[in-house]
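Student: So the sequence lines, in the order shown, correspond to chains W and S. Heads up, the first sequence is in my numbering, so the first residue is 273 and it goes up one at a time. Heads up, the second sequence is in my numbering, so the first residue is 47 and it goes up one at a time.
Because the hints were derived from the structure by calculation, they are not lab data. Bear in mind the structure is a predicted one, so any value in this text is a computation, not a measurement. One or more hints might be untrue.
[To be verified] Capping the alpha-carbon separation at 35 Å, the derived lysine-lysine pairs in DSBU-like fashion look like this:
#1 W:K529 x S:K174
#2 W:K444 x W:K381
#3 S:K259 x W:K529
#4 W:K449 x W:K509
#5 S:K259 x W:K550
[What the hints assert, rightly or not] According to the in silico footprint, chain W covers these stretches of chain S (three or more CB under 8 Å from chain W):
#6 96-104
#7 196-206
Heads up, the beta-carbon is just placed ideally off N, CA and C, and yes, glycines get one too.
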Amino acid sequence: MRMADLKTKFVSSIVVIFLILSVSVIPANAQRVIDYIDISNPFLRKIPIAIPVFKYTPENSNTESLSKEVTLLLSQTLEFTGFFKMFNEKAFLEDLQKTGISGSAINFKNWTGIGAELLVTGGLQVQNKLIIAELRLFDTFSGRLLVGKKYKGWHDDKRKIIRRFCNEIVEKLTGNKGFFDSQIAFVSNQTGHKEIFTCDFDGFNVKQITRNKSINLSPAWSHDKEWIAYTSYTRNKPDLYIRHMVGRKRGVFVAFKGHNITPSWHPNRLELAAALSKIGNSEIYLLTGSGKIIKRFTYDWGIDVSPSWSPDGKKIAFVSNRSGNAHIYIKEVESGDIKRLTYEGKYNVSPSWSPKGDRIAFCGRDNANTFDIYVMNVNGSRKMRLTKNAKNNESPTWSPDGNLIAFSSTRFGKNQIFVMTSYGTDQRLLLSLPGEQFEPSWSR
Amino acid sequence: MTEKRLFVHIVLISMLAMLTFFGCAGQQPTDVKSPAEIAEEEAAERARVEAERRIQAEEESRRKQAEIQRQRQIEEQQRRIAQEEAARRERTRREQEEIESRERFVETDIYFDYNESTLRWDSQEELKIKSEWMRSHPDVDIIIEGHCDERGSSAYNIALGERRAETAKNFIVDLGVEPNRIETVSFGEERPLDPRSSEEAWSKNRRAHFVIK
């Protein structure tokens, strides 16, 4: 059925805008394999995965270098998750170019022998401007095929193909969808002004979104990734701007008297929570996607800002100084009940609710007056510090699968965007750009 | 004098003798003046001299009078110039003061403690001066900008900066300035006066700044 699909589409793809097609070459075992990655803490033990250079046809230097490039891309993409331990290819005993890529052609002992528990084999066929990639994931001990896919696309689609296969791998191993289609919005002052930018999850494909030479802050993605809301000083005061990212739908200004800041989109509706000070004091409101006020969430003399939705949309975490200092609170939207979560320190801000729903990341200031990233349970328990002795670390934001956290850090002198696992491991720089980068916001 | 009179007498007598001699001998000369005539002439002469002297004196007095008048005018003029000068100086002084008070209003910020929006005593003193200035300049409307140092969340700092601006506004309003003359805006940590990362810079950056509309 799907083979037939593929053939008809393959013919029409020459004319129509080319879409990547994928097809399972061999029906993989339907049972989800959760033994590989402990989803309660996937970073305690990294799985050793071998990714030898893909077999390439025709055999020439062009396809060889393309094959090496694509293999490296796959390796880097998987490594980004923090789940895997990569091998130096010098350790490999087999060469796919000689052995082939199918299970029957592989001597798995050569892979278990070097310690690999997973093996990715790939075959790359180049036909004029088309590339056909056949990619497989094996369990080296059982020799079982876990994922097998075939993709076709233009040369420019290679990144898309690799990401799609990585999504399959991660979904197979963790049961959760991979995040390789997600994007990160952030603030950069590389032009001399704080403007909004976006990039892919891995820092690739940086795009400048605003060009108003004013001050732009706090970008936030809608659940469908179609809209970004952010704070902008284009009218010399902090207003909200809601901007369409995929088409040319008209943007909206939310410019009540006072400030209009910290937008946070509802996890499954085109509505957003934001802090407005139109009554003379910063309170959190629920707004429609076109900026109309639906209802007011907070009633307190103190500062109330930075809402973050629980993934079910039933609660918001936010920052309030109602106790005298800035702390994190949770409000139940239905009942209106408010609970304080943080008691330690005098400054806990920027809450970000994990997409898994069980943890909240935030930025806290310790006694040495440095800012660091923490995570805690949604009742405030099991607080864990993720950054330490690395200057200031702020603005945490979760990857869509809830396994990674992007944040800003001054550890190398200036503010830059970093990524780490939700356990604080594998901290690394995401973007090397001129100027400073702030306030990352990971799309769903 | 006696000699002169004697001489006059001699002349008169000899003339009388000649008159009688020649008068008897021929015709009598007609231009001979009688003493009365001479006395009259003398009197006239005296009167003339007297008149001349009087005229001179009068002229002298008039001249003096004019001189005094002129002096007075000069003095008057000088006094007027001096007065005008003084008035002008006073005016420029007042203008200067006005400019200075306006500059002071704009250039003197008030400062806050870290993560605080309450007014320190020095900030309160400065706000009293500002409210007085606003009361004496009822046609001036202002914007109070709230600013923070770079530390902490930029979003929270916008809210904190607004609170600083609002606190300053409320204090001025409580001192009798109409609230509709004061607008507030927060720039959070986005517009530091001193971009360095030090205690000194931070304390300068935690401020409310006053702008005349």
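Student: Determine for every hint whether it applies to the structure shown.
Tutor: Hints, one by one, checked against the model:
| no. | hint | in the structure |
| --- | --- | --- |
| 1 | W:K529 x S:K174 | holds (26 Å) |
| 2 | W:K444 x W:K381 | holds (23 Å) |
| 3 | S:K259 x W:K529 | holds (17 Å) |
| 4 | W:K449 x W:K509 | violated (40 Å) |
| 5 | S:K259 x W:K550 | holds (21 Å) |
| 6 | 96-104 | violated (count 0) |
| 7 | 196-206 | holds (count 9) |
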